Amino acid sequence: MNPEILFFFEVLLGGLLAGVMYSLVALGFVLIYKASSVFNFAQGAMVFFAVLSFVGFMELGLPFFLALLVTVGLMVLVGMATERFVLRPLVNQHEDTLLMATIGLAFVLEGLAQLVWGVEVRRLDLGIPDVPIMWIADATGIFVSALDLVAGLVAAVMVAVLAIVFSRTKVGLGLRAVADGHGAAMSIGIPLSQVWVFVWATAGIVALVAGMLWGARAGVQFALVGLALKALPVLIIGGFTSVPGVIVAGLIVGASEKLAEVYIGPYFGGGIEGWAPYMLAVLFLMFRPEGLFGERIIRRV
Amino acid sequence: MTMTATRTAEAAAGPAAQPILSVRNIEAIYDNVILVLRGVSLEVPEGSIVALLGGNGAGKSTTLKSISTMITAERGRVSKGSIHFRGERTDQLTPGALVGMGMVQVMEGRMCFGHLTVEENLVAGAYTRKLSKAQIRDELERVYAYFPRLKERRTSQAGYTSGGEQQMTAIGRAMMAKPRMLLLDEPSMGLAPQIVAEIFEIVRDLNEKEGVSILLAEQNTAVALKYANYGYILESGRIMMDGPAADLAANKDVREFYLGMSSDGRDSFRNRKSYRRKKRWI
Ligand SMILES: Nc1ncnc2c1ncn2[C@@H]1O[C@H](COP(=O)(O)OP(=O)(O)OP(=O)(O)O)[C@@H](O)[C@H]1O
Ligand SMILES: [Mg+2]
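Taken in sequence, the protein lines are chains A and B.
Going by full-length UniProt numbering, the residue at position 72 of the first sequence is 72; the numbering climbs one at a time, nothing skipped.
Going by full-length UniProt numbering, the residue at position 3 of the second sequence is 3; the numbering climbs one at a time, nothing skipped.
Just so you know, these hints were derived from the structure itself, not from any lab.
Some clues are possibly wrong.
Unchecked claim - Simulated pairs of lysine-lysine, DSS-like, Cα-Cα distance not exceeding 27 Å:
(1) B:K130 x A:K170
(2) A:K170 x B:K178
(3) B:K252 x B:K226
(4) A:K170 x B:K252
(5) A:K170 x B:K226
(6) B:K130 x B:K80
To be verified - Residues from chain A that keep clear of chain B, each with C-beta distances beyond 10 Å, as calculated:
(7) F107
(8) A137
(9) F143
(10) A146
(11) V150
(12) L173
(13) M186
Note that the coordinates shown come from a computational prediction; the quantities given were computed from them, not determined experimentally.
Even glycine gets a Cβ: it sits at the ideal position worked out from N, Cα and C.
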């Protein structure tokens, strides 16, 4: 095949694989935003807190899966504590108040993580090499890193599982009901606090997975907090309340930033990967503010 | 003789069994300062329909929310008096606990889950019950039997159905919890007269066939008194008058102030309250 086209596919694939992880981070936001109408400023801090704790447990000598299990448990506890000490006391308060509270939560998590585990950058070795998979290269001529591929697949499975939980299970139904109206959900006996614990714990686990996938590539460090910023254009493009929206938007952002870097970047002297997604988001804000699958707010009087 | 008349007579002479709900002298307060109910007492006999009447801001919704404890979700609380449901004191419980005991409130403004389908709304109503898939199907069929229109619209997004269908969805959803008692807050709000009649017929059906006791808050006094056995009239957080529905409907003051009729019996539209208000959310 034409090497030009092969190269295009290689860039596209790399972008899509990175994109699934943006979807994953954005999904954490969407879950929480839908269920508790809170813009969770602490999502990035949760990513950092989760993966740093995971690496910390490994350093203490726990085997991989045990460390994973313990960290998942820890994130569930963080979810429960958030419900108990942040959401419950602030129930019925304005959305802005809750946003402020999550900013506070972000500082608490970042501080706590560094206090307990220290501030130095850690390496996270998942045992998957960041080198091209030869049989794929041989068969198709496309070079794709094993780490990228595994990360993309894990993220894709995670997204699929969440989408199924959301649409097919009882707790998913409860979650969507709560998202549509706290009062109405309470009036039929759906326990709000239980749903909140569920979404915050889920968002914590999503954060852990995202942190592990990114940490394996870039090292486990404070910069992971900023990763959550990548979710912002994804949220704007996908729509804050749409699960399928952010999944597709993550892919678009991932693919377009890599393609833009390679094909348009040279005209700007490179480095546009960092801001291209935001440009795209601004375009969406101007022409389609409700996002891709715009769940328009239903108002019928 | 109409059905309403026989039922009213029955209830008036009704047995002195323990009421399913009894509210004794409650005060309700929002934000710790706004005292809205100033000593409300009422009873709902098992199996009856009781109407709670009164104008805007009289405290009807607050009374229902005090009973269902939903008032706690609006920074309010019952600060005095007591509420007993099925013999148990309930004023300090949670809405979820009350749903479990068999009391469900259908809130004012027919709060459906707008992005869920009609059927998902109904299924959500059974959230507190541990049911198998097959049992849920049976329960859905039971509810659809009362609301055939909902069965037709089962896959529509609730937010895009008509006002009447949304009200039916809200009532049907409450029925999925298999309640012994429903608290209905202004089921007629914003609906055309024939839809109001349709909904009240269904409510009466539920009352007769399922044996659900009903306490309904209404500004539409005429319709409420037509279907209820007994009525209370609330004004500024106090019960001003109560009695069998037929007696209230015949009462001169009620006719003048709440039914908009002059004393010679003619309907004076000029004085009539506007029932079809703009929808308010909470
Ligand atoms: N959440 C709240 N916080 C503060 N005050 C409230 C709240 N809800 C109701 N009130 C006040 O309590 C009073 C009674 O309101 P309520 O909603 O119980 O009246 P209502 O009889 O249901 O009226 P309507 O027919 O208009 O629905 C009103 O003066 C209202 O302003
Ligand atoms: Mg009201």
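L173 of chain A non-interfacial with respect to chain B [C-beta, more than 10 Å]: Given that some Cβ of chain B is not farther than 10 Å from that of L173 of chain A, nearest at about 6 Å, it is violated.
Please settle this one: F143 of chain A was flagged as non-interface, so is its CB more than 10 Å from every CB on chain B? For F143 of chain A, whose nearest Cβ neighbour in chain B is about 43 Å away, the distance exceeds 10 Å, so it holds.
Beyond 10 Å from every chain B Cβ - status for A137 of chain A: Given that every Cβ of chain B is farther than 10 Å from that of A137 of chain A, nearest at about 45 Å, it holds.
Closest CB of chain B to the CB of F107 of chain A still more than 10 Å away: holds (28 Å)
Straight-line Cα separation of K170 of chain A and K252 of chain B no greater than 27 Å? The given pair, whose Cα atoms are some 53 Å apart, is violated under the 27 Å limit.
Verify this label for me: A146 of chain A is non-interface relative to chain B, using a Cβ-Cβ cutoff of 10 Å. holds (40 Å)
K170 of chain A and K226 of chain B were given as a pair; does the straight-line alpha-carbon distance stay at or below 27 Å? violated (40 Å)
Checking one constraint from the list: CA of K130 of chain B to CA of K170 of chain A, max 27 Å. Satisfied? holds (10 Å)
Within a Cα-Cα threshold of 27 Å, do K130 of chain B and K80 of chain B meet the stated pairing? violated (35 Å)
CA of K252 of chain B to CA of K226 of chain B, is that 27 Å or under? Since the Cα atoms of K252 of chain B and K226 of chain B sit roughly 16 Å apart, the hinted pair holds (cutoff 27 Å).
Against the 27 Å threshold, does the CA-CA distance of K170 of chain A and K178 of chain B hold or violate the hint? holds (18 Å)
Could you let me know if the closest chain B CB is still more than 10 Å away from the CB of V150 of chain A? Correct as stated: the minimum Cβ-Cβ distance to chain B is 35 Å, above 10 Å.
In summary, the structure is inconsistent with hints 4, 5, 6, 12 and 13 from the numbered list given earlier, while agreeing with the others.
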